[in-house]
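If you read the protein sequences in the order shown, they are chains A and B.
If you count by the numbering used here, then the first sequence holds residues 1 to 824, one letter each, in order.
If you count by the numbering used here, then the second sequence holds residues 1 to 115, one letter each, in order.
Derived by calculation from the structure, the hints in this document are not laboratory data.
The beta carbon of each residue, even a glycine, is placed where N, CA and C say it ideally should be.
Take these hints with a grain of salt, some might be off.
Said to hold, decoys possible - Chain A stretches covered by chain B per the calculated footprint, using a threshold of three residues with CB under 8 Å from any CB of chain B: (1) 12-19; (2) 31-42; (3) 573-580; (4) 783-795.
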Amino acid sequence: MSLVDRNSVTSLMLRSILATIVTIGLIVLLDQSWGSIPPLGRFLSPQHGIWQNAEAVTFDHGGTEQLKGLRGSVEIIFDDRLVPHVFASNDEDLIFAQGYLHARYRLFQMDLQTRAAAGEVSEFAGERAVRFDRQQRRLGMVFAAEAAVREIERDSVALLLFNAYTRGVNAYIENLAPEHWPLEYKLLNIQPKSWSNLRTALLLKMMAKMLASDNNQDIAYTNLVGRLLPQELRLLYPEVHDSLVPIVPKGTTFPKPTVVPVRPAAADHARIGHSDIMSFSEIDQANENTGSNNWVVAGSRTKSGYPILCNDPHLELTLPSIWYEMQLSTPANSVYGATLPGSPFVIIGFNDAVAWGVTNSQRDVRDHYDIRFRDARRNEYWYDGRWEKTRIKVERIAVRGADDVIDTVAYTVFGPVMIDHTFTDSASLAKAVAVRWTAHDPSNEGMTFYRLNHARSYGDYLEAIKTFECPGQNFVFASHSGDIALWQQGKFPARWEGQGMSIMPGNDNTYAWQGYIPQEENPHVVNPERGFIESANQRPTDATYPYFIPGNYITSRAVAIERFLASMQNITTADMMKLQQDVTNVTAEDARPLLLTHVDEQRLDPAAKRYVQMFRMWNLQATPWSLGQTIYDRWWDSLQVALLDDELGLTQRRAPWPKEQSILEILLRDTTLSFIDNTNTPQRESLTDIVTLALNRASRSLADNERNKELTWSTWKNVTVYHLLRNAVPALARSGLAVGGDGNMINAVSHSHGPSWRMIVQMSNPVEAYGIYPGGQSGNPGSRFYDNTIDAWARGSYNRLNLMKQSEARKASRTWVLHLRGDV
Amino acid sequence: MRFLAATATSIFLCYLAGLVLPWWSIAICTFLVSLIFHQRPRLSFLAGFLAVFLLWTSLALWIDTQNHSILSRRIAGILPLDGNPLLLILTTGFIGGTIGGLAASIRRGPAMNEV
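Chain A on its own, in the form it takes in the complex:
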């Protein structure tokens, strides 16, 4: 070989090597995530990536599957909305099929929500989620779920069913090829995790956290205790609103309490946080817009003569929806309603004998105790005059792209120490705060739903709900036989007056809970003379209830519901649909005269003058195109700030803001109170000064909105149903929905919260039921069933909910039939 040849061969080899390196390098580059960019090669490959999630619009959801862990065979008949009507020969196979279907249509959401509950988000989201994960673990979420699993294992029926559910979910996951993983796994570049009973328990604890967390905002409230006088606190944060319409009608006499907690002698002086504002802001504040309506009318008030039950739980609206609609049938029982992917049974629904629904009790079931550790190791704390040992739980948090984080959580007699020197906003204050929360106590909420699914009578319902502990719920009930009822059910501490409003001393058991309100003494109404019962997150009783029951109550929706129901006769399901869509602003009804009396039009800007005219003409309906509602909303917010910023500003805005209703009622009672004055100015302001100033301020932002054509109520609040990954994937959300209402109206639709499931059930024979939720039966953004019900929901339409016999379903279905067969 000549020298020239050898040179050219060397050069060719070098080029080959270079080309190989470039090719492999690019493959490696395109096979992994870069920040939020998915691994583009795999992601876009038509045979592996997202294109595999693009479901043909004619896709056949039917077929036959051989599945491990199924005893017999199950027939699933989907209707044209992809609602499965499941027919199994026994409960165990039925619940297996439910788990299988939940996974088939909602795997990512179940996986994400339970990872979040357990504090395992950093594993895929990286370091930015570490604080969130630590918080979940410090709150004892896994600790709580483990206690729930132990309860499940003690009950043979529960264990059989929860095991069947877990097997059903895993049967789907195990047969799932990576190209068919839900889209979000490909986007985040993660893998599905197998299911367990612990994860089911975690999901239910997540609901407990969402609904029955710190409803009293103890820590934030502690900041106020040092800043305001006791009478000021009572004024701004009243126990009972003047306008309260409780669940249990006023005038009902309550029996003498059987548990009488003793108030510690030193309670008045033993407040924590007198001198310093706590350095941490409130953790996981309950969202003001999370609430619900339910009501039931007796046959005496309906056209058909049968009770009608209605429920619309207001939660964060998400895609996929928190709910999945199903019919679950065995030869022995048949039930229909909203199920919660990640948990067995129907949660809100009906069978041919009974219907039930839930709203949140809003009761405070979580308290906080000041803990004194012996030293930074947190192995011992001062309790009952000596150093008591803590139980140390070491939490290892896997973090994507970084080393694991080790977190040490000390458990005391009260519960986990959530806040200590390793977990605060500022290192300067070494306070330690332990959490006492009913969600940590062993209980098995799931079985309440199992028993409700099978209930035939009021007695069955009562038996079913008795064991339900946390989150406290208002269980509304109606039966074909004509009974109506509502129990506020939960495990609630029997508190002495003022107990648990702020952080309490934790040096001994003086301030600990002394007992619980006996279940029979929980607020309830059964077959009232007047023929209706309602709950809408209001305080359950008036001030004569013999227990101290603080909570994050919402007053106005109940006022509206009660007013309408009391005036209705010959009620039909169509009337109930109209009522669920009602957008009358009853708070503004009281606030408008006050505002108009006190505004000094001479001192208004030209723009503000126009707005006050529009506000005066407003019909008090918060329709999507209402201008008056937007003006009211901005004006009232501006007024609250003008009134209270001087007082509450001292707390660096870390205090819970008083409720709209509280401020309104104070002003309706007395317009000369001292707090009206702005203490930051030399002169003394009157209510007129403040109301006028507030509108002038608000009118500037209103004018901006008007210029941008965002003055109508629905454009201003911009109703949005976000994907579970929120702002990471705006393209998967639906925004700009034209829906009226707001958190304090019956149709409680705010920016991203609202009626997550609307249900109306008339207990005739056959049952006549309607329902809808914003979203679709499939969690897959590549399916036509991903968001197909959103527009109908926004318009206020309903779907007929058909509880069908197997033969009827076979005849009615022109869609898909899926057969599951045991693989023995």
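With chain A fixed as given, assemble chain B onto it according to the hints.
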């Protein structure tokens, strides 16, 4: 002729491999084809690129048509593609094509007809 044969064989092989192997099997396929149908590097690259580009865009287009662009519009909104399904299909083809082309141009040496 050789160019067309290389392209056609690559399309066929890449499709089959994609049914069972990971996405980057396209690189193995176009590389193997380049060994059989030996061409100048530039032509070889072009054949590999075109093969995977055509395969991936037509698969994506087929799926997209069946899907009425429900998903592609959303994905093209997540990626900076202005919510445009066609751009997503072309991006898909371009990424696959680039890998296919690069792998096809690895073998350097005198083309058969030059030996």
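Each hint, compared with the structure:
| no. | hint | in the structure |
| --- | --- | --- |
| 1 | 12-19 | holds (count 5) |
| 2 | 31-42 | holds (count 4) |
| 3 | 573-580 | violated (count 0) |
| 4 | 783-795 | holds (count 3) |
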